[in-house]
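Chemist: Here is what each chain is made of, one letter per residue.
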Amino acid sequence: MFDPYYLQQLAIGLSLGMTYALMAIGFTLIFGVLNVVNFAHGEIYTLGAFAGLVLISATAPPIVAVILGALAIGALAGFSLERIAFKPFRRFTDEASLKSRAMRESTLLSSLAVSIVVREALEIVFGSQMRSVPFEYLINTPVRVGPVILVTGDFIIFGVAAAMLIGLQYLLTRTRVGLAIRAVSNNPLGAKYVGIDTDRTIITTFVVGSMMGAAAGILMGLYYGAVFPAMGFTPGIKAFVAMVMGGLSSIPGAVICALILGISESMATTFVSSGWSDMVAYGFLILTLIFFPNGLFGARRERV
Amino acid sequence: MNFRLLTLTTLTAAGIAGSAFAADTVKLGYQLPLTGDTAQYGQDFRKAAEIALTEFNAAGKPFKVEIVFEDSRSDAKEGTNIARKFVDDKEIVGVLGDFTSGVSMASAQVYKEAGMPQLSQTASHPDYTKVSKYQFRNIATQAQEGPYNAKWMASKGIKNVAVIAEQTDWGQSVVSGFSDAVKANGGTVAFSEFFNRGLKDYRSLISKIERAKPDAIYTGFFYEDGAQFLKQLQQLGIKTPVYSTSAAYSPKLIELAGGAAEGVHLTSNFLPTDPSPNVQHFVDEWKKRSDGAVPGQFPAQAYDAVRIMLAAVEKASPNPTREKVRDALAQTKDFPGVTGKTSFSADREAEKELVKVEVKGGAFVPVAE
Amino acid sequence: MNAFETVASADGLTRRRGLLVPALILLLVFAALPALLAGFDKGYFYQIANLALIFVLLSASMHLVTGVAGLLHLGHAAFYGVGAYTAALLTSKLGLGFTVTLPLSGLVAALVAFLVALPTMRLVSIYFAVATLAIGQMLYLVMLNWVDFTKGPNGIIVSKGFELFGISLSGRLAAYYTVAAVVTLSVVAIGRLSHSYYGNALRSIREDDQCADAMGVSTVRLKMEAFTLSAFFAGVAGSLWAHMTGYISPGDFKFSESILILAMVVVGGLGSLPGAVIGALLLILLPEGLRGLGDFRNIMVGLVMFLSILLLPKGLLGEVSALRLVRRQLGAAWRNTGKGEGIGWR
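Residue numbers (our numbering), protein chains in the order written: chain A, 1 to 304; chain B, 1001 to 1369; chain C, 2001 to 2346.
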C-alpha cells in the first residue's frame, strides 16, 4: 500500500486534480449565478495565459506582477464577455421568453460563437504553435517530499486554489456583494423585486469568475511552460464535468470532484494504457450521476 | 438574412469566376492546414513552398507555375471538399498534401477516382501509397526508421526498451515498425503504450515507464508533446536515455524543452548544418522569412516535395497532363533534395537516407560515426 | 407561419398553403438542384451538396432530442461515428453492400444509444447534458483505442459506394439522388414524429418535466425513445458518410463535431425543424463560400453565428411559440370589447 509508486501516482493525481479545480472554481461561480454554461471560460483562461506571456516578453516584471497583469486582463475580458454575449439576452422580459428554453440555449450559442472568434483571433495574432515561457518564470522545479517528487508549482497552485476557495466563501457569506450574488443565483426576478441591482451583481460575478479563470490560465502556462491558443479547450471540459459532478451550485463540491477526476485519471494509467485513462474518469462521472442524480453535493431538486 | 444570402452568393460567384487564367502557367494544388490546431505546420509548409516556387519561376523555364493553397484544417470534411475542387479545376495537374494521414487518405479516395497525382510531404499511414498508383510520399516511413533506430540502439548495447507513441496512425506505425525490429535484433520491449495526442501531463505515464526499468525509452511524438514529456521526465529525475523519430526534429523542441532536451537521440533526413549549397540556400531563404529561425525537418520535407513535383511537371512538359505528371513523378530517381537523395520505389515510397542526431549543448548535432 | 402546421388551421386556405412549401422544397431538392449540379458538372458542388444533406440529417436528428424534447445532447457525433463504423466494418469485413449497411448502421447506433442511455435516463437538464458528453467521449475513445476491432486511428477504407440491391449507384448524380432520398425520407419521418401527439408529449418534457410526470406522461420512457430515435438517424447519416467518402477515421467524430451540430440546431432555431435544416445548410455552406477570405474564414463564421443569434435569438426560423398557437386557436375570445381594450392575456 505504501509502495512509493502508488504514492507517486496519487501525488500526481492530486496535483493534476488541483489544476482542474483552479478552472472549475471560476466556472462554477458563473454557472451558479446565471444558470448558463459559459463556453467562453476556456478562452478567458487562454487570454490570461497570453496576457502573462506578453507581459513577460515586453517588460520582464517579477512573477507577482505577471499574475496581477493576467488577473487584470481576466477581469476586463470577463466584463466584455458579459456585455457582449450575455447581456443582450436579458433584454426580453416577457413571459414567453422567460419560460422559453430557446432563450437560454441562445446564450450558450452566443458564448460559443464568442469563444470561436476569440480563439481564431488569437491564432491569427500569435500563431497556433505552442509558445514557450522563459525559464526564469517557470514554477516547475522539482521538490522531493519523502519518496514522492512534486514540483514547486504544485504547492503554489494548491495555495492559490485554497486562497480562492476561502476568499470566495468569505465573499459569498460575509459581504453584501456576496449576499446579492447568492440572491440572484437563487431567484433573479425575486432579487430584482427586492431592489438588488441584478445587472451589477451579474457583472461582478463575471468579473470575479473570469479573474479566477485567467489566474488559472497564467498559472497553468507557467506550470507546463507551454502557451497556445487552443489550450483552454480540454481544461474547460474537465471543469464543466467537475462542476456537474459536484452538484451545480457547490464550489467546494466542484473542487473535490476535480480532485477525484485527477486521481482517477492518474491511477488509471497504472492499470490501463494512458489512452484509456480518460475513459475511467468519464466512467466515474457516470457512476456518480447514477447514484447521485444531482451531483455529489448538489441540492435536491426544487420545484422550478 | 437577405443581405447575408446576397453576400454569400456574391462571394461564391467570385470564387468560381476567379479560376480562369492565362496560358503558359501550370497550376498545382496544395491542401494543408492553414488554420486550426495544426496550423503551425501548414503555415510552415506554405512558406517552404513559396521559397521553392519563387526559385523555380525565376529560373527562366519556358513556363510559370502557380500553386493554389487551400486550408483543410486537418479535417476530413474540408479535405475532401478541397480535393473535389482541385479535381474540378482542369488546369491543376498535380496536388501536394495533406499534413495528417487521415485527411490525406480521405482525399486520396477522390484523387484515385480522378486520376490526379498526389504527393504528400508527411502522410505516414501504412496504406496510403496502396490506395492507387496516384499516391506518392517523400517521407521515410516508420517501416524504415524503426529498424534504423533499433539497430542504432542495439549497437549501443541497449536491450530492454519501453516504447510510447501518440495514438494516431503514425504512432501505430512507430510502435509496430520499431518493436518488430527490436525483437529481431534480440532485444525486448518492456512495454508499449499509446497516449492521446495533446496530453499535457505525462507524469503518470513516466512513473509507469520508470517502474518497468527499461534501458532506454523510444518515443513517437511531435515536438509539442515531446517537449512536455522531456520536461516532466527531468522533473521526476529520470535519467533513462530517450530516442525518438525524425518527427521530433524541430528547433522548437529545444526551445520548449530547454535543458530537458539535452541528450535526446533522434534520426533525421535534414541537417541545417549540412554544408551542401542547396541546403544552405534553403536555410538562408528560410531564415530571411522567419526572423532568423532555423528550419526543422517538416518544412524541409515540404520544400523537397514541392521541388520534386516541379521537376516532374518540367519533365512532363510541354502540355503536362495529370497522367504525364504521375509518370514523371514515378520516375524520380536520386533527386537532390535538402532531405537527402530521394527516389520513388515501385510502390511510390521514398527511399531516403537517414542521419543520426543528438541534442548537445542546446543544438542538434550529428552523431559522429 | 410554420409550413408544417396543419393543426390549428381555421380555414382550408391555410391547409392548402401548408402543402405548397413542402412541394416546392421537394421540387428544389429532386429537380432544380440536380439540374443545376448536372449543368455545372463540378465534383466540388456535388460534394458540398451531399455533405450539406448529411449534416441536415444530423441536425434534424439532434433537433428531435434537443429541440423537441429539450434535452441538451453533447455526444451526438459519437452515434454518427458508430453508424459510420458499422457501415465500414460490415463492408470491409463482410463485403455487404449499402442496401444492408444503411438500415443496420441506424439499428446498431440505436442499440448502442439504448444501452448507454439506460443508466442515465433519470437525469435532468444539465446533468443529462454532461452524461451525454461523457457517453460521447467514451464512444470516441473506444473508436480510437480499440485497435483490434476498429483499427483505431488507422481508420477504415470503405471500398463500396452506394448501391441498391446490387445496382451500383455510384455515379455522381445517382449518389446525389441516393443521399437526397435517404435524407428527405428521414427528415419527413422526423417531421411527422415531432408534429404529432408524440411530439407534443416530447415538448411537454421540455416545457416542464415535473408537470408532465405528474400528468402521467412517462418522461423516462419518452426520453429513452427520443434519444434512441435520434441515434438511429445519426447512424444512418454515418453510413451515408462512410460510403460517400470511402475512408473514415475516429477524428471525424470527435467532440467538436457534436458542438458543431448543436450550433446548427440552435442557430436555426431551437424547436423548429426547418430551422435545424437551415442551420445545417448555413454552417456547412458558409465556411466553403468564405474560402476566399483565407485565414479569416473562421472568424467570419464565428461572427456570423454570433450576429445571427444576437439579432434573432430564437434562431433563424424560431418555433411558433405555444402561446401564440393557443391564442390563434381561441381567437374568438380575444376580440376587442369595442372600448379599445383586449380581453385575455397578451
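Please keep in mind that the hints were generated in silico from the structure rather than gathered at the bench. From the three backbone atoms N, C-alpha and C, an ideal C-beta is built for every residue, glycine too. Wrong hints could be hidden among the right ones.
Said to hold, decoys possible - Here are the simulated EDC-like cross-link-like pairs (lysine to aspartate or glutamate), alpha carbons at most 16 angstroms apart as the crow flies:
| # | chain 1 | residue 1 | chain 2 | residue 2 |
| --- | --- | --- | --- | --- |
| 1 | C | 2042 | B | 1215 |
| 2 | B | 1239 | B | 1255 |
| 3 | C | 2042 | B | 1347 |
| 4 | C | 2042 | B | 1037 |
| 5 | C | 2042 | B | 1089 |
| 6 | B | 1133 | B | 1347 |
| 7 | A | 87 | A | 3 |
| 8 | C | 2254 | B | 1037 |
| 9 | C | 2160 | B | 1334 |
| 10 | B | 1047 | C | 2295 |
| 11 | B | 1090 | C | 2041 |
Unchecked claim - Just so you have them, the derived chain C footprint on chain A, three or more residues with Cβ under 8 angstroms:
| # | region |
| --- | --- |
| 12 | 41-50 |
| 13 | 159-173 |
| 14 | 205-218 |
| 15 | 259-270 |
Chemist: Hint by hint, note whether the structure agrees.
Modeler: Right, here's what the structure says about each hint:
no.	hint	result
1	C/2042 x B/1215	57 angstroms, violated
2	B/1239 x B/1255	20 angstroms, violated
3	C/2042 x B/1347	31 angstroms, violated
4	C/2042 x B/1037	30 angstroms, violated
5	C/2042 x B/1089	9 angstroms, holds
6	B/1133 x B/1347	8 angstroms, holds
7	A/87 x A/3	54 angstroms, violated
8	C/2254 x B/1037	14 angstroms, holds
9	C/2160 x B/1334	38 angstroms, violated
10	B/1047 x C/2295	15 angstroms, holds
11	B/1090 x C/2041	12 angstroms, holds
12	41-50	violated (count 0)
13	159-173	violated (count 0)
14	205-218	violated (count 0)
15	259-270	violated (count 0)
Violated hints for the displayed structure, listed by number in ascending order: 1, 2, 3, 4, 7, 9, 12, 13, 14, 15.
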